[in-house]
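Going down the list, the protein sequences come from chains A and B.
Residues in the first sequence are numbered from 8 upward in steps of one, following this note's numbering.
Residues in the second sequence are numbered from 1212 upward in steps of one, following this note's numbering.
Fair warning: there could be bad hints in the mix.
[Stated by the list, open to error] Result set (SDA-like, lysine to any residue): computed pairs, CA atoms no more than 20 Å apart in a straight line:
no., chain 1, residue 1, chain 2, residue 2
1, B, 1353, A, 228
2, B, 1353, A, 224
3, B, 1353, A, 232
4, B, 1353, B, 1376
5, B, 1353, A, 239
6, B, 1353, B, 1391
7, B, 1353, A, 322
[As the list claims (entries may be wrong)] Over 12 Å on every C-beta distance to chain A, these chain B residues come out as not near it, computed from the model:
no., residue
8, 1274
9, 1282
10, 1287
11, 1314
12, 1336
13, 1338
14, 1391
15, 1392
16, 1395
17, 1437
18, 1491
19, 1492
20, 1495
21, 1502
It is worth saying that the hints were derived from the structure and are not from the lab.
These figures come from a predicted structure and were not determined experimentally.
Glycine included, C-beta positions come from ideal geometry on N, C-alpha and C.
Residue-level listing of the chains:
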Amino acid sequence: MTSSAPAIGRPLARADVRARAGLADPAYRALLTLFAVGVFAVLALIVWECARGAAPSLAAFGWRFLVSADWDPVAEKFGALPYLYGTLVTSAMAMLLAVPPCIGAAVFLAELAPRGFGAVASFLVELLASITSIVFGVWGLFVLAPWLRVVIEPWLIAHLGFLPLFRGFPFGLGFLNAGIVLAIMIAPTIVSISREILLATSRTLREASLALGATRAESLAVTLDAARPGILGAMILALGRALGETMAVTMVIGNTNRISASLLGSGATMASVIANEFTEATSKLHLAALIELALVLFAVTVVLNAAARLLVRWTTGGRRDVAGAA
Amino acid sequence: MKPRAGWMSLATQTRPPSVAPARGESAPPPPAPAASAPGAPPVAEAPDAISVRDFSLFYGAHPALKHIGFDVPAHSVTAIIGPSGCGKSTLLRSFNRMNDLIAGVRTEGEVRVAGLDVRSADVVELRRRVGMVFQRPNPFPKSIFDNVAFGLRLLGIRDRAELEARVEQSLLRAALWNEVRDRLNRSALQLSGGQQQRLCIARCLAVEPEVILMDEPASALDPTATARIEELVLDLKRAYTIVVVTHNMQQAARISDRTAFLLDGELIEIDETPRLFTSPSRKLTEDYITGRFG
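Chain B on its own, in the form it takes in the complex (with noise of 0.2 Å):
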């Protein structure tokens, strides 16, 4: 995948001039769009939110992703997992070309997230679709306020007022208004390491994405603020797609409907989460839920 944001093309990018609708706070969001995507063929149910075909990534010359597919349905949670260094992570950034930033990253096949080719699509308007939550929590250092309120000033909006709601709204979403109303204007590295994961989790909130992606979001917390996070993520599948990749199995058993094994690249397996873990129908899945490797 060539990256189409080199260092020559800082203005051409371009993005959309305003950001969708919010949403009611119930009622799920709208199927994503499979009209916007040109070429795809016309559906009658729920299209999934994310599919991936024949898809390989190569650093260099080495694969790391070797002809995955698999599809994930709208409002869902999928969980990723795998031993260390089998391409999960790898996968997971290849939803919103966060591989773009590694020179020498070539990928084939074709993905496509919240109806857009990902491969071809402009990467703004991508990554604005596709939210992504990082394994450490990552605010920015600024106050609680302008986190989160970051992603709606670069969709242009500037008016206080919604950009008020709107960051309340996503704060409520995020399960940390209670905690922060009184302190917005606080740094945000004032808060724990829970609560900046969850700001982390408000501040992607708050461009209304369709898909988040989770890229081991509680493997740097203590138990409970784990457990909280946890909680939340069944909590959003309401409203949005969700990707997690995790190291920890009870967590993807606790959290997914779905659970894809990945091994040294390869899509071992992908199943209901339940049946997965009871009865895998492949050899290499049942010895890595079972302990005898990874």
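Just chain A, with the same shape it has in the complex (with noise of 0.2 Å):
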């Protein structure tokens, strides 16, 4: 209390106001959209330089580069189709095999178990997407391979050897081991995000539907219809995970230039190519077909996340009423 008395009597000018507002607004309005258009920034400039980096092989192989299986660093000559394919069917495969299990996990966790055990189990959940990749791929050269070599992939060959899918030797490394390790490594980001969608959803709907007299898998039914748009945003989530996803599948997959139509078969993603060989490129053309790659990568990313939100807004008649919709 030692400041003086407030000039009490002066009525409160307009200026008092002005004053404060006059320099705080658009100073505060400039930071932040000075953040925003950082993220613009940050993503223009990945695009560049890639371009950039990558321009002494896209001159050399055009468009062939994305049609070319030959990828032969000693003669020079690089295309990018085993990698596109490795990534694509390695996505695919853990999207799969993870989708299913994840969305009705995260049913149970939001509609059906105890609160308890919902909050405890979701935590659990959480703490797998914490788990760093480069133990899901120790894991997946310990444990999964020798597993997948003994018993699973024997079993396949026996029993549905018939497929070109399932056709091969039992290596334990390849697609197979690639997709199951990435179907766990994007479970909780599926899990996670629909079981918040469903809770943000279920509860007025919940009640509506019970109260016309709905059984509660009635009831259940509404609340997924209702959350479709958000879980299809966790699955864009997830599948851009997958595709990215670098050190894991690096350690699994087998690193080979093939196109393997079989899932037992050995192979590469784009992103471990890159991990890979980018020490040890040498040659200009090299380094540069390597850059080239990932840019290809980013535009498989950009493609695919633009085919699911058109998906989303396809399906939902471009409303937006759930939380999280995509």
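Hey, can you piece these two chains together into the complex? The hints should help.
As structure tokens, this is what we get:
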């Protein structure tokens, strides 16, 4: 109470407000705009740098880079097709393996599990997301691979070997191993986001449907229908992680530049090739080809994301009513 | 009250095979069939749509409703008023067992609604005969048509012509038809708040309930939309028995025939609305309606 007494009696002038707002608002606005523009700037810089670094390869191979299966650093010939194939196959397999059980788990945790159990289980699932990828890689290499080699793959070959998907020799390393490891890695994303979406959607709609005489199963169908855009959003995020995952995949995929129709075969993804060869790329063209791989990976991510978003908009008729809708 | 529909028993619930025949617009429906309630004494005059006898509800050990007893005559509007937390929503939600959704709820006493013993009735059957309108409009993120048809489809009605007829009839009764007849396939979420609430009422009318429970149905709406809901309530009571929870005493006075005053889980007084508001018999009621507390 050492300050002077307030000037009571003087009417508060508009100028008092203006003087304060005059500087603060524009400054605040400029700061936030700067942050927002920063996001775009970083993105643009990444694309620009990749394009610049890839220029020699772009000039040498053009569109053939995408359709050629020839990757020969010694002969300085580079084609990305096997790696494009490996990336898409492992991601697709991961999504196929992860999505159905993860959505089931999210429904259980959000709707059916006793409250305490749901909270604990969700925490554990999210903990799974914080495990670094090298740990998953080591697990895939030393635990999953021997098991696949000795038990699963011989069984698949014996019983489903008439399908091209399951022909070949049981190596333990390859697309199957990478797909399983990726599925486990993306599971927490799908489960925890879908659960949040379901929790946000469910209460009012559940009451509405139950009050109309719906059974719990019918009520759940309403909730799931309403949560569909958000769950698709969770799947998009998971797919993004699967496409870009590097370390774990590199350890278990076998690292060959083959296009194997069989899931038991080995291969490589774009991310794994970059990780494997970047330090050893001595020629200018080799380095440029690797950077172009990064550019292609970026493009694939953008295209798949955009496609998924269009799918969400298409399936929901453009409505924007569910929290977390993509 | 133990929830009958545990998550293990998704498939075990039953529901009646078909909806009751549609009522005419003007003719009031027959009174609730007391004969279908085994053990009920034969009655000469129209039975009460709701009767509550020594009903108590506990959240764990905490009593939220204490020894409540009163009757709601058919084709009337009963308002439940009281300060926040007095248990009025809990009481309302006891009539269609929505409290089953809350873990650790236990009840004692007897509640009969639409001829059913609420505590032992099949909850799906009960909720078909007892409609509910919530505080916030909660249409499904579906088209206007599909919202109203939802309950009908649950009852197994697949015939398009019948669905269309019943949807139109329900929207007409909810005084919404003229506003939405040209856009039945648009999303219900594009409607205004007041329209959404009338849609929720139409959705509830579609399955031909006998009793309609309304939990502060206008508290999230602007005055114009509120007035329309109030008109609708007065109109609907010719065919339905309505119980409205409200914290708005003017609203209770405008729309209800009888008013119940609840305080701390106890029913302080229930009487004809004009009498309760002009000459309450209890001092607590008088203090509340004159604004001395609450």
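Structure-inconsistent hints, enumerated in ascending order: Violated hints: 11, 12 and 13; rest satisfied.
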